[in-house]
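Peer 1: Here are the chains, one letter per residue:
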Amino acid sequence: MIRWLVTLSLAIFAGLGSALFMSGWLAFNPPGLFRTIEVNDWTSDPAIGSPAAGPYTRAYVARRGLLGLRREEAVYYLRVMDDDGHRLRENCAYVLEGGMPDARWWSVTLYAADYYLAQNSDNAHSIDGTRAMAGEDGLWRATIQATDPGDGSFWISSRNAGQFDLIYRLYNASPAVLETPETALVTPRIIRLGCTGAAL
Amino acid sequence: MIRYFLAFILVAAGIHAATVWYLPRLAMKTAMARFEDTGMTANTIAHVPPTDETSRRVVRPSPDLLYSVCMLDLSDGPVHIRAAGWDGYMSLSLFAANTDNIAAFNDSQIAGDIDVTIVQSGDAGVALGSERGIALIRRLAADDAAIARADTARREGDLCGEADPS
Numbered sequence: 001m002i003r004w005l006v007t008l009s010l011a012i013f014a015g016l017g018s019a020l021f022m023s024g025w026l027a028f029n030p031p032g033l034f035r036t037i038e039v040n041d042w043t044s045d046p047a048i049g050s051p052a053a054g055p056y057t058r059a060y061v062a063r064r065g066l067l068g069l070r071r072e073e074a075v076y077y078l079r080v081m082d083d084d085g086h087r088l089r090e091n092c093a094y095v096l097e098g099g100m101p102d103a104r105w106w107s108v109t110l111y112a113a114d115y116y117l118a119q120n121s122d123n124a125h126s127i128d129g130t131r132a133m134a135g136e137d138g139l140w141r142a143t144i145q146a147t148d149p150g151d152g153s154f155w156i157s158s159r160n161a162g163q164f165d166l167i168y169r170l171y172n173a174s175p176a177v178l179e180t181p182e183t184a185l186v187t188p189r190i191i192r193l194g195c196t197g198a199a200l
Numbered sequence: 001m002i003r004y005f006l007a008f009i010l011v012a013a014g015i016h017a018a019t020v021w022y023l024p025r026l027a028m029k030t031a032m033a034r035f036e037d038t039g040m041t042a043n044t045i046a047h048v049p050p051t052d053e054t055s056r057r058v059v060r061p062s063p064d065l066l067y068s069v070c071m072l073d074l075s076d077g078p079v080h081i082r083a084a085g086w087d088g089y090m091s092l093s094l095f096a097a098n099t100d101n102i103a104a105f106n107d108s109q110i111a112g113d114i115d116v117t118i119v120q121s122g123d124a125g126v127a128l129g130s131e132r133g134i135a136l137i138r139r140l141a142a143d144d145a146a147i148a149r150a151d152t153a154r155r156e157g158d159l160c161g162e163a164d165p166s
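Quick mapping for you: the protein sequence lines, in order, are chains A and B.
FYI, the numbering for the first sequence is 1 to 200, going by the numbering used here.
FYI, the numbering for the second sequence is 1 to 166, going by the numbering used here.
Honestly, the hints are just simulated from the structure, not real lab data.
Heads up, none of these hints are tricks.
Covered by chain B, per the in silico footprint, the following chain A stretches (three or more residues, Cβ under 8 Å):
id, stretch
1, 15–29
2, 44–54
3, 57–63
4, 66–77
5, 94–108
6, 128–140
7, 165–174
C-beta: ideal position from N, C-alpha, C; glycine also.
Modelling step: build the complete structure from the supplied sequences, incorporating the hints.
Peer 2: Take a look at the structure:
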C-alpha cells in the first residue's frame, strides 16, 4: 500500500509539474518559451489566439498573453535581450530604434516580469505608430531608462520594472509580414547605452 | 516493479494532459472573476478605464488601446453586441471559454458600427463554441484627447445584451 501511495503521489507531482512547466506557468520558466518564429531576437508564435493552436501554445498564451488576437488581426513579438544578448533590466539605459513596419498600426510596450505594466506613474509605458517620429535617416527612436532623459527624446520608463520585456504589436500587418516575417518584418534594435550597479 | 512503473506513467500522463487542457479555462475563469469583482455582470457592456500601471485584471494590457468588455453568457440564448463607430483602429473580438479568438471584426472591414449576434453553436450568428466567453472592443486612443473622444463614443453607442428573439 505504501508503494502505491508513493507511486501515485510521484505521478501526480510529475504530471502536474511537467504540465505547468511546459505551459510556461512556473515562476522560473524562461521568458520567450516558444520560438516558432524568431526574427532578430524578436520571437512569436503564429498560432496565438487561433483555434488551431496546440494545447501547450494555448496554455502558454493564457498565462502570458490572455485575450491575444489571432494573427489575421494582430501579431505579437516578444524581446527579452538587448542587441548584445544581455537581459533587459531596469538599471540599464537603451536606445530603441527602428523603421516603420508594414502594418496598419504598431506599438512597443514595456512590461515588468509579472507581465503587467511597470509599477510607476510616469505614463511612459510605450511608443506607437501615432507618436513615433522618424528622423532624417527614416528611423524612429526612443530612450528606455528609469528616469526621464530630459533631452527631448521619446522616453519609455523602466522605473520599477526590474528585469523586463518588450512586446512589439502589429495590427493588420501586411500579408508579407504575416507570411515571410524573416524578410518582411521591420524589427527595432535595442542598443544598450550603459548600466548602473551590477551590469550584467 | 513493472506495474508500479506503468501506473506511474499512466497517471502522470493523464494528470499532465488534464492540466494542460484546464489551464486556459482557468485563466478565463480567473479573468471573468476579476471582472465580476469590479461589478461587471454577464451580457452587459463595461467600459474599462484607460490602461495604466494599476490595470491588473488581464496580463499585458496595451496603454494605447481603450477597452470595453462584455462577459458572455449564452445559456439563455444569443447575445447581441454593438461596437460604436470610431475614427481610428477599432475591433470587436470574441473569445471562447478555452481562450480561442473565435472571430475578430475591425473598422476596415465594417464601416460604422460593428453589430454581431453571438450564438453557442449553429449558423444564426457567430458561433462561440462555448456557453461562456468574453467579447472585447479595442479602440486605438494613444493620447488624452483621443481617449476622451473614444470614451464618449463608446458610452454613447456600445451595447451588449440578449438578442431580440425576432
